[in-house]
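Starting from the known structure of chain D, fit chain X onto it as the hints suggest.
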Amino acid sequence: DAGITQSPRHKVTETGTPVTLRCHQTENHRYMYWYRQDPGHGLRLIHYSYGVKDTDKGEVSDGYSVSRSKTEDFLLTLESATSSQTSVYFCATGVGGGTEAFFGQGTRLTVV
Amino acid sequence: GENVEQHPSTLSVQEGDSAVIKCTYSDSASNYFPWYKQELGKRPQLIIDIRSNVGEKKDQRIAVTLNKTAKHFSLHITETQPEDSAVYFCAATFNQAGTALIFGKGTTLSVSS
Numbered sequence: 001d002a003g004i005t006q007s008p009r010h011k012v013t014e015t016g017t018p019v020t021l022r023c024h025q026t027e028n029h030r031y032m033y034w035y036r037q038d039p040g041h042g043l044r045l046i047h048y049s050y051g052v053k054d055t056d057k058g059e060v061s062d063g064y065s066v067s068r069s070k071t072e073d074f075l076l077t078l079e080s081a082t083s084s085q086t087s088v089y090f091c092a093t094g095v096g097g098g099t100e101a102f103f104g105q106g107t108r109l110t111v112v
Numbered sequence: 001g002e003n004v005e006q007h008p009s010t011l012s013v014q015e016g017d018s019a020v021i022k023c024t025y026s027d028s029a030s031n032y033f034p035w036y037k038q039e040l041g042k043r044p045q046l047i048i049d050i051r052s053n054v055g056e057k058k059d060q061r062i063a064v065t066l067n068k069t070a071k072h073f074s075l076h077i078t079e080t081q082p083e084d085s086a087v088y089f090c091a092a093t094f095n096q097a098g099t100a101l102i103f104g105k106g107t108t109l110s111v112s113s
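As they're listed, the protein sequences go chains D and X. So the first sequence is numbered by the working numbering: it starts at 1 and just counts up by one. So the second sequence is numbered by the working numbering: it starts at 1 and just counts up by one.
None of the hints are false.
In silico DSS-like links for lysine-lysine, alpha-carbon gap of 30 Å or less: (1) K71/X / K37/X; (2) K42/X / K70/D; (3) K57/D / K37/X.
Hints listed in this document are in silico derivations from the structure and should not be mistaken for laboratory results. For clarity, every value in this text was computed on a predicted model and none was experimentally measured.
Only chain D is shown next, with the shape it has when bound in the complex (with noise of 0.2 Å):
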């Protein structure tokens, strides 16, 4: 597996704080992605970066913000949290646009 690490693993937060997900890859991926996965849903795509500063929207990005300052670091931010936003997230690298996605362990979000 890549080397591709999420943190945190679990967060439980209220409604109306903002929340940062660090996703860190080892790999030197110049892509990397942000996805939530819902039951019924399967995975979409809330926003992806094709290298340094370099990021664009995906088909849920509505309330995420997200930030590449350096190849191996994507933030993803809630900016003020809401209960439909209580999912699990996926961070995923790859070398190239349309090539295999590794995918870390994802982070699982509670808002309350």
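Chain X in isolation, oriented as in the chain D frame:
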């Protein structure tokens, strides 16, 4: 927008039977079609993939077929075993999303012995 449809959502087979999962995609420019397996509580992991210049690919008991004209691709698992029980996701690249992978909603495969 980008879309990948996956069917069926659940599939139950007896050990030794074959299983087939089908996906369709909307972007005719898509050129990479991977399949991922996710066991309970684990991360998705690639099991097989195919590119648009290939019609079929096999790896032991697993095969994937691609019909670019019809924009659909399928996963075939032969001689199923209980350890094949998992959620399977198809995916396709979309140029409008920076060639990121867009996933189907998944198929829960249950193999009973």
